[in-house]
Amino acid sequence: MRPPSYWPFVIPALVVVLAIIIFPWVFTIWMSLNEWKVGSPTTFVGVSNYLRLTGDPRFIEAIGHTLVYTVLSVLLPLVFGTFAAVVFHQKFAGRGFLRGIFIMPMMATPVAIALVWTMMFHPQLGVLNYLLSLVGIPAQLWVFHPATVIPSLVLVETWQWTPLVMLIVLGGLAAIPTEPYESAQIDGASLWQVFRFITLPLIMPFLFIAGMIRMIDAVKSFDVIFAITQGGPGSASETINIYLYSVAFTYYDLGYGSAIAVVFFLLIVLLAAVMLYARQRMLWTEIASDA
Amino acid sequence: MTPSRFNMRQIIGKISLWFAVLVIVSPAILFFLWMLSLSLKFEIDNAAYPPVFIPEHFAWKNYTDVLASNRFVTYFFNSLIVTGSATVLALMVGVPAGYGIARMAAHKSAIVILIARITPGLSYLIPLFLMFQWLGLLGTLVPQIIIHLVVTVPIVIWIMIGYFETTPLELEEAALIDGAGRWQVFRHVALPIAKPGIAVAFILAVIFSWNNFVFGIVLAGRETRTLPVAVYNMISFDQLSWGPLAAAALIVTLPVLLLTVFAQRQIVAGLTAGAVKGG
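Residue numbers (our numbering), protein chains in the order written: chain A, 4 to 294; chain B, 179 to 457.
Calculated from the structure, these hints are not laboratory results. Keep in mind that the hints are not guaranteed to be accurate.
What the hints assert, rightly or not - Just a few of them, taken from the derived set where beta-carbon distance is under 7 angstroms, the chain A residues facing chain B:
| no. | residue |
| --- | --- |
| 1 | Val19 |
| 2 | Ala96 |
| 3 | Leu118 |
| 4 | Val119 |
| 5 | Ala230 |
| 6 | Tyr248 |
Don't be surprised by glycine CBs; every beta carbon is placed ideally from N, CA and C.
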């Protein structure tokens with residue numbers, strides 16, 4: 004009997020994917036090679052949009068902001084998410100319900116929570132400065148000062164996305180066998196030793212995946228930054244994505260915006276490749292030190 | 179080890195566990211309680227220092243004002259139409275696609291979904307914005323429905339591939355040998371088994387489409403805003419009225435929060451399946 008072909012099942016989706024994912028990509032690359040502004044005629048300009056990028060101080064500054072924002076928004080959720088996963092791995096009453104509460108920040112509508120964070124950041128009336136005053140820390144300007152705006156936004160991002168890291172690591176913890184823990188208990192290992200020498204190596208692959216996903220999302224972060232600061236004060240929190248928005252939909256410079264989109268995508272792929280390479284290096288050194 | 183010391187250790191362990199649970203859950207609980215508090219206070223309480231946590235008089239007016247404005251009703255239906263259409267369309271094309279890809283073991287095709295996952299939403303907006311302009315569709319809800327497919331279709335395909343890979347093949351093979359066509363096998367054998375997977379895909383597609391903001395700020399006009407865009411636009415007009423603003427924000431996100439609590443099992447399953455497989 005001839006094995007049935009499953010192509011007919013895939014074709015409708017293929018058409019949709021071609022229309023809304025592949026076509027926009029091809030078109031974006033084409034646009035990036037043109038001087039393309041809404042309301043004026045388009046002209047082919049080759050790679051000059053890309054050359055313009057290399058000398059655009061605002062773009063270069065945005066890369067810096069994006070990298071700082073991303074590194075912090077990967078590391079902090081990884082640390083807190085791992086801790087939360089270890090806790091949620093224990094058995095306690097109401098665990099399922101509390102896990103539901105715990106993941107609410109990442110499911111909630113980003114713009115809605117950004118709005119509430121904006122109120123909480125308010126230097127005079129915000130609840131955060133009140134909480135700081137309770138422990139004797141002077142009032143901060145949070146998102147209203149260039150020096151503290153990115154850390155403040157990272158605070159929101161961390162609050163929002165720690166649950167995703169928790170869920171991924173929790174999945175990893177569920178897959179760990181119990182034997183190493185039993186022998187560690189017999190040997191009288193401390194909680195920290197158990198975590199450091201048994202749990203951590205075993206959940207490393209999951210931490211890596213969580214870190215990768217976090218990186219991809221943090222680099223692209225838009226809603227929260229846009230809703231809280233729109234890249235300000237000045238351009239202190241302008242990431243590549245926010246700058247891309249301004250170029251494309253405030254100045255309607257679509258050709259240049261397309262070039263930014265292409266470079267931005269390549270940057271994300273590059274970051275992912277660096278992470279993969281670092282992971283491979285780690286595995287090799289592990290193997291080398293085992294031998 | 180004496181029994182009493184053993185109990186002592188157990189009790190300390192229990193207390194520290196509960197303390198740890200409290201520490202990790204409180205940022206979420208306190209935030210949403212504060213959001214509720216803001217939304218139920220009159221301006222005088224919201225502007226008070228030190229802050230008022232539970233007001234003497236609840237400002238239910240904040241909610242009734244938001245709900246009574248007919249614009250809000252329009253935006254609510256816009257959200258409902260965009261999310262509903264984008265989800266239903268995504269299920270219609272994505273569930274069969276997930277089935278086909280799983281059965282053909284065409285894992286390389288998943289790379290397209292990976293690209294979609296990595297691409298910033300704004301990159302789709304530039305070319306599609308022009309397309310919609312040429313087609314004269316701006317000002318209707320159609321562009322938003324189409325562009326929300328960028329969010330919903332990959333989610334559905336990704337989750338359904340994972341799900342169909344785990345459903346047993348024996349029944350399907352038996353049905354094929356009995357002379358059923360592949361469409362009949364899909365419709366009557368594979369699809370009924372896949373209902374829990376479809377539920378997961380449905381819930382996640384609804385949430386991510388409902389929450390989407392970036393597509394709306396570019397494509398929506400005054401009449402075609404979805405709720406997240408409408409709430410964002412309230413900020414610039416009413417900088418100082420926190421109560422109604424918080425009430426509107428809470429109304430917008432409430433459906434999602436309720437879904438999260440009541441369908442947390444499905445959400446967790448879907449997110450970890452999608453995430454751990456490299457989404």
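Each hint tested on the structure:
The beta carbon of A/Val19 comes within 5 angstroms of a beta carbon in chain B, closer than 7 angstroms, and the hint placing it at the interface holds. Using the Cβ-Cβ criterion of 7 angstroms, the hint placing A/Ala96 at the interface with chain B is not satisfied: the shortest such distance is roughly 9 angstroms. A cut of 7 angstroms between beta carbons decides the hint on A/Leu118: the least distance to chain B is about 5 angstroms, and the hint holds. Taken as an interface hint, A/Val119 checks out: its beta carbon lies about 5 angstroms from the nearest beta carbon of chain B, inside 7 angstroms.
Hint on A/Ala230 holds. Least Cβ distance to chain B is approximately 6 angstroms, under the 7 angstroms limit. Hint status for A/Tyr248: holds, given a least beta-carbon distance of 6 angstroms to chain B, under 7 angstroms.
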